[in-house]
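*Asks:* These are the residues of each chain, in order.
There are 2 protein chains.
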Amino acid sequence: MTYSKFEDDAAVVAFVRAHTDQFTADEPLHVEEIGDGNINYIYRVKGNEGSVIVKQALPYIRIIGTDWPLSIDRIRIEAQVLQTEAMWAPNFVPKMYAFSAEESAFAMEDIGDHENLRFAFIERHPLPSLGEHLGLFLAETLFHTSDFYLDYETKKRAVANYINPGICKITEDLFFWDPYCDHERNSISPPVLEAAQGLWNDKALKIEVTKLKRQFMNCSEALVHGDLHAGSVFVRADSTKVIDPEFAFYGPMAFDIGSIIGNVLLNYAGQFGLAGPKNERDDYQAFLLGEIVNCWSAFHKRFTDLVAEKSDEPTMSQPDYVQTFLADVWCETVGFAGTEVIRRTIGLAHIADIDSIDDIELRAKSERWALALGREMIVNRHSISSPDALNAIALALPY
Amino acid sequence: MTYSKFEDDAAVVAFVRAHTDQFTADEPLHVEEIGDGNINYIYRVKGNEGSVIVKQALPYIRIIGTDWPLSIDRIRIEAQVLQTEAMWAPNFVPKMYAFSAEESAFAMEDIGDHENLRFAFIERHPLPSLGEHLGLFLAETLFHTSDFYLDYETKKRAVANYINPGICKITEDLFFWDPYCDHERNSISPPVLEAAQGLWNDKALKIEVTKLKRQFMNCSEALVHGDLHAGSVFVRADSTKVIDPEFAFYGPMAFDIGSIIGNVLLNYAGQFGLAGPKNERDDYQAFLLGEIVNCWSAFHKRFTDLVAEKSDEPTMSQPDYVQTFLADVWCETVGFAGTEVIRRTIGLAHIADIDSIDDIELRAKSERWALALGREMIVNRHSISSPDALNAIALALPY
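Heads up: the protein sequence lines correspond to chains A and B, in order.
For the first sequence, the positions run 20 to 418 when this note's numbering is used.
For the second sequence, the positions run 20 to 418 when this note's numbering is used.
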């Protein structure tokens, strides 16, 4: 294997022609690189009418170069996960056309008629089905890859198949360590430094974060997406697509649910200071909290139904157990969401929802609010027993 | 690979001569099969002075035959685990001389000067260091195979290396399912049937058992022995050796600690009805409870020291976190111990500690006592915060 970048557009075209039947043989194809430039290469290949996306991974992080190696195995994992997700939640992921280990690349459906959820949030686009779609996606993918559905041997082989150490290590550090100490990778706006230092000295918080880290590292419960932030979701008013599962591994269900709910709350924090009329921002904040309720309700209902319909695991399918299990998943969801809220505020990777607030003091108000919310969610997650209880905390927290 | 049984004694001798240097070339060797006949073949090969044990696994369960296939991979796992244990707890395991995948067999130190702990318990032998030895063995093996010690990549590769589905499935069924329903594999003494039926109808208990099962299936925390009952431990007054790790896999630390503590309590239950003067039986019961305290204290102290000395994992090594973690491990230990107590009383595999009570009514009294204790331990494990609290429950439970 050479693991080298496609040499030129012609190589990308050749890959698409060899591995998909999306274009006629004599159709002229146009190639455009559309990636964010961070980790991988993403190409859009356009024909007369249709188009295809090609994603290529190299054995290092693109933006840094060969100094930060990253296992090429992640592209195999991403391709397999997209196929698994498509089996159970076909409406919510792009179609995978072909994966080639030789080129460490795959071709998939172009979902260019969708927009990135992060920017839809920032621009306050109405997304009436978002929470429901996400809840269904989560229920289908997490149920069907867990012991609730898979036989013991398939499940355990899958755990081994999706072991993804280098990728998990990134999350272990960025979520559960950096923001809780004075780490050089952190990016802290000066007016927030004092609040950040408060977290570094907060022993109770650091213990709870480490408990969540232990779960992240040791709870091989379901095949989780592993990086389900708003930038991994593409939306139209009537459609939701989840992409980029290269961080997938067998982990706790609550990590995925918490990651996306954390991103909803981060946009909520940003709306305090983003441009636009106050009533419009207030309304969008109310919409965001409603979608947290909708996401969890859809997940809870669909997961419960799936167990009743499809689980022949006699102990885990006991209805009382399922409800206890889901109640535990919810509490851990709140905790993981809190870690996402905090790490996006003072850690390495910030988000435009808050960073695009131009006024540094106004931005700092959103950041401090996010830190306070995240702390509360992590430390008190066992007593935050429902989305309504979580929303009540967000509503009561002074801005 | 043929995976066939050693044809005759000469084949066993040839194996030992080829793979170990324990005997001189012209020394006459004598072979004796000493296994219990259940799953594998165990040979003692004796020379003029020394001796060696050979263990051979076949791709099925010996006592049943080819009708119950069992992956041959278990002998590779057992050999590797014995070597790993020997690295960290050399005093507490037999020396491994050689493993050969070709013959699916290994040769190890003969610990024939030790006796099986189950029979030492039944005969009430004094074992003043037992609890301490077990606690040290558990601390060394569990710490050094967990995220507290291993780097992220080594740990995750080890999880994959020790995936052991067929073996784990046996435990998943026998511990966490059979005893809680009217299963054909159960073995229930008629006077205990009513008490067993009580468990089958006990919804709260079944939910807690399923939570423990979820942990057993999903918590890949450390390389656990996986079958640490009294029959896997060999003892002298001054020495303790743990054998038979063929059920090893990456699981919860509390499963190992709970399994052995469950066996101590099972012998406690048996002592009510075993032969011998009451004061002798009372004294031995008091000794047993003391060894539970000693085992946990030694584990707790050594684990805490190991983290302080050797862990460079910055979050998990926070002293406050370690104490919280160990408190959680203790509660789960109580729960797993409860499942061991119950499954040995009404499940498939009984133990001589209770079964050797001849009088069926007297035996049933011990069995009912064990069931009541096991239930209490499982359901209330979160409020049983120390070995002393556990012992107080055993002492207060009417016989």
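Quick caveat, the hints were computed from the structure, so don't treat them as lab data.
Hints may be right or wrong, so weigh each one.
Because identical chains share one entry, a pair is satisfied inside a single copy or across any pair of copies.
Said to hold, decoys possible - Heads up, simulated EDC-like pairs for lysine to aspartate or glutamate below, C-alpha to C-alpha not over 20 Å straight-line: (1) K188 <-> D374; (2) K320 <-> E68; (3) K114 <-> D374; (4) K188 <-> E68; (5) K65 <-> D339; (6) K188 <-> D170; (7) K222 <-> E52; (8) K188 <-> E172; (9) K320 <-> D331; (10) K329 <-> D92; (11) K188 <-> E46; (12) K222 <-> D170; (13) K188 <-> D331; (14) K24 <-> E134; (15) K222 <-> D339; (16) K222 <-> D374; (17) K114 <-> D257; (18) K222 <-> D347; (19) K320 <-> E299; (20) K188 <-> E52; (21) K65 <-> D86; (22) K188 <-> D301; (23) K297 <-> D86; (24) K222 <-> D331.
*Asks:* Are the hints correct? Go through all of them and say.
*Replies:* Status of the hints after comparison with the structure:
| no. | hint | verdict |
| --- | --- | --- |
| 1 | K188 <-> D374 | neither (25 Å within a copy, 50 Å between copies) |
| 2 | K320 <-> E68 | neither (40 Å within a copy, 69 Å between copies) |
| 3 | K114 <-> D374 | neither (33 Å within a copy, 60 Å between copies) |
| 4 | K188 <-> E68 | neither (42 Å within a copy, 52 Å between copies) |
| 5 | K65 <-> D339 | neither (52 Å within a copy, 57 Å between copies) |
| 6 | K188 <-> D170 | between (28 Å within a copy, 10 Å between copies) |
| 7 | K222 <-> E52 | neither (46 Å within a copy, 58 Å between copies) |
| 8 | K188 <-> E172 | between (26 Å within a copy, 8 Å between copies) |
| 9 | K320 <-> D331 | within (18 Å within a copy, 43 Å between copies) |
| 10 | K329 <-> D92 | neither (32 Å within a copy, 31 Å between copies) |
| 11 | K188 <-> E46 | neither (44 Å within a copy, 55 Å between copies) |
| 12 | K222 <-> D170 | neither (41 Å within a copy, 24 Å between copies) |
| 13 | K188 <-> D331 | between (34 Å within a copy, 15 Å between copies) |
| 14 | K24 <-> E134 | neither (27 Å within a copy, 64 Å between copies) |
| 15 | K222 <-> D339 | between (35 Å within a copy, 8 Å between copies) |
| 16 | K222 <-> D374 | neither (28 Å within a copy, 51 Å between copies) |
| 17 | K114 <-> D257 | within (18 Å within a copy, 65 Å between copies) |
| 18 | K222 <-> D347 | between (24 Å within a copy, 18 Å between copies) |
| 19 | K320 <-> E299 | neither (31 Å within a copy, 58 Å between copies) |
| 20 | K188 <-> E52 | neither (28 Å within a copy, 48 Å between copies) |
| 21 | K65 <-> D86 | neither (33 Å within a copy, 58 Å between copies) |
| 22 | K188 <-> D301 | neither (38 Å within a copy, 53 Å between copies) |
| 23 | K297 <-> D86 | neither (46 Å within a copy, 73 Å between copies) |
| 24 | K222 <-> D331 | between (43 Å within a copy, 18 Å between copies) |
Checked against the numbered hints above, the structure violates hints 1, 2, 3, 4, 5, 7, 10, 11, 12, 14, 16, 19, 20, 21, 22, 23; every other hint is satisfied.
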